[in-house]
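A.B. asks: Keeping the supplied structure of chain A fixed, place chain B upon it in accordance with the hints.
Going down the list, the protein sequences come from chains A and B.
Plus 23 on top of the position in the first sequence (first one is 1) and you've got our numbering.
Plus 110 on top of the position in the second sequence (first one is 1) and you've got our numbering.
Source of the hints: derived by calculation from the structure; they are not laboratory data.
Here the structure is a predicted model, which is why all the values come from computation and not from measurement.
Some clues are possibly wrong.
[As the list claims (entries may be wrong)] Derived pair list, reagent style BS3-like, types lysine-lysine, alpha-carbon separation capped at 27 Å:
1) Lys167(B) with Lys299(A)
2) Lys285(B) with Lys256(B)
3) Lys191(A) with Lys156(B)
4) Lys236(B) with Lys207(B)
5) Lys186(B) with Lys191(A)
6) Lys191(A) with Lys283(B)
7) Lys191(A) with Lys189(B)
8) Lys191(A) with Lys281(B)
9) Lys285(B) with Lys191(A)
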Amino acid sequence: MPAEQANQIADPLKNLQQIILSDIENRIGQLEIAHKKLGQQLNNKDEIISTLSPVLTDLLQIKIRDSRDEIANALSPVMSKAIKKQIHDSKEEVIDALYPIIGRMISKAIAEALKGLVNSINDNINNKYNLKIWLQRLKAKIFGVNVGELIIAEQAPFAIREVFLIAKDSGLLISHYSKNISGTNDAHIIAAMLTAIKSFVQDAFAKEQTGELYEIEYSDQTIRIEPGLYAYLAVVYKGVAPFGLNEQLTQIQERIHTRYSRFLRDYQGENSRLTKIDTLFAEFSGKYDKERE
Amino acid sequence: MTIQINRKICLLGMYATGKTSLIRRYVHNIFDEKYLSTIGVNVSQKLLPPLETSNNKIVQFNFLIWDIEGIDRNNKLQKNYYAGSSGAIVVGDLTRKESFEVINGLLSDFSTICPEALIVLAGNKKDLLIENTDHPQRLKELAAQKKADYLLTSAKTGENVDELFLLLAHKIKDKL
Chain A
24 MPAEQANQIA DPLKNLQQII LSDIENRIGQ LEIAHKKLGQ QLNNKDEIIS
74 TLSPVLTDLL QIKIRDSRDE IANALSPVMS KAIKKQIHDS KEEVIDALYP
124 IIGRMISKAI AEALKGLVNS INDNINNKYN LKIWLQRLKA KIFGVNVGEL
174 IIAEQAPFAI REVFLIAKDS GLLISHYSKN ISGTNDAHII AAMLTAIKSF
224 VQDAFAKEQT GELYEIEYSD QTIRIEPGLY AYLAVVYKGV APFGLNEQLT
274 QIQERIHTRY SRFLRDYQGE NSRLTKIDTL FAEFSGKYDK ERE
Chain B
111 MTIQINRKIC LLGMYATGKT SLIRRYVHNI FDEKYLSTIG VNVSQKLLPP
161 LETSNNKIVQ FNFLIWDIEG IDRNNKLQKN YYAGSSGAIV VGDLTRKESF
211 EVINGLLSDF STICPEALIV LAGNKKDLLI ENTDHPQRLK ELAAQKKADY
261 LLTSAKTGEN VDELFLLLAH KIKDKL
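So here's chain A without its partners, still in its complex pose (with noise of 0.2 Å):
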């Protein structure tokens, strides 16, 4: 065959091979351009954000209402995390949307405790009979204290949880009581850093004038420092403290300085004589359980 003749045979295929897959190449290029356009969505935090935000609210909404138990085991984790994160960057926020509750439950709770607490002393004002209420009534006479008060003061919690001698000057501790069987891992610590936060203060206010450290308050908790020539007393307490308490650590201090004067002036850190002390404390503290039971 003349290659003329051959020409004009293919030209016809190649025109109907031109129609049939310029379709076709036309849906690959658009394809191409679809999976490119795809994969810098996927690649760009901002795109996959701006294509899933209007599906997400309905997409937790569906997971909470379908399975409460898996999302609720799901967040547990970070919750309180996320919680104290919020209370110490918005602290103000925080304090005016609690304010109104718990300033109600505050006030449910001291109204309570006063219904108690008026309740009590009326029981006691009005049995004239009580021999208790005789007794306080003479107290509040000795001290000087309206009765009403002394007995508000006697209703109050109070309970005495350490009791510690140490020596004045060296800040070793002599003697512990602890009402905690176990008692304090670190009684010779605080005795010492005790020792030095009373000279801290002395030293702070001494140039305007000379004077004793006698109370340091903590939360619910108080340490009353009774003064002595050699050592001195500290006692942790917790509550208010009843009318009479700092004369009786007057009293037990100058016990312990008559009976171990010596002792005490000389002391070198040597504590196994001085069982006798422990005792004391021991009865000193369980006296007040017992006035409160």
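C.D. replies: Then chain B, alone, in the frame of chain A:
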């Protein structure tokens, strides 16, 4: 029977000589470069191994170690903290000559308040000691002058730290 005896020990020296690091290494067996300062003193406690006295008694010291900050000789509070001490460890920095210059004054103040107390000197930061420096010699001279014992220590490696406190404990025990 072992007799437990509580004793107050002061740790003195110029700032950054490694006093707190020595205590931390000795009491907690760790090395920490952070300095804890509250009211110019920090107290730690360490129960030492039992020791035998010359009259065959067994004693065990419970050291209350007062890490006292500052070298200001006019500071009354600092001196108040010395009261009732049985001994002192005075620390110098083997990399800083000036840290040894203040020791004389510190010891003089300390001995006025606690004349019976026993002294041990420490040249700390042995791990950073540069060869041919005369700081150890200075420490040796100071120790001889004060009739005190001395040790070269490293709070970082722990070298001679236990030995330092034990040395003071032995001196106190010998005086019982």
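A.B. asks: Could you check the structure against the hints above and give me the numbers of any it violates, in ascending order?
C.D. replies: The structure breaks none of the hints.
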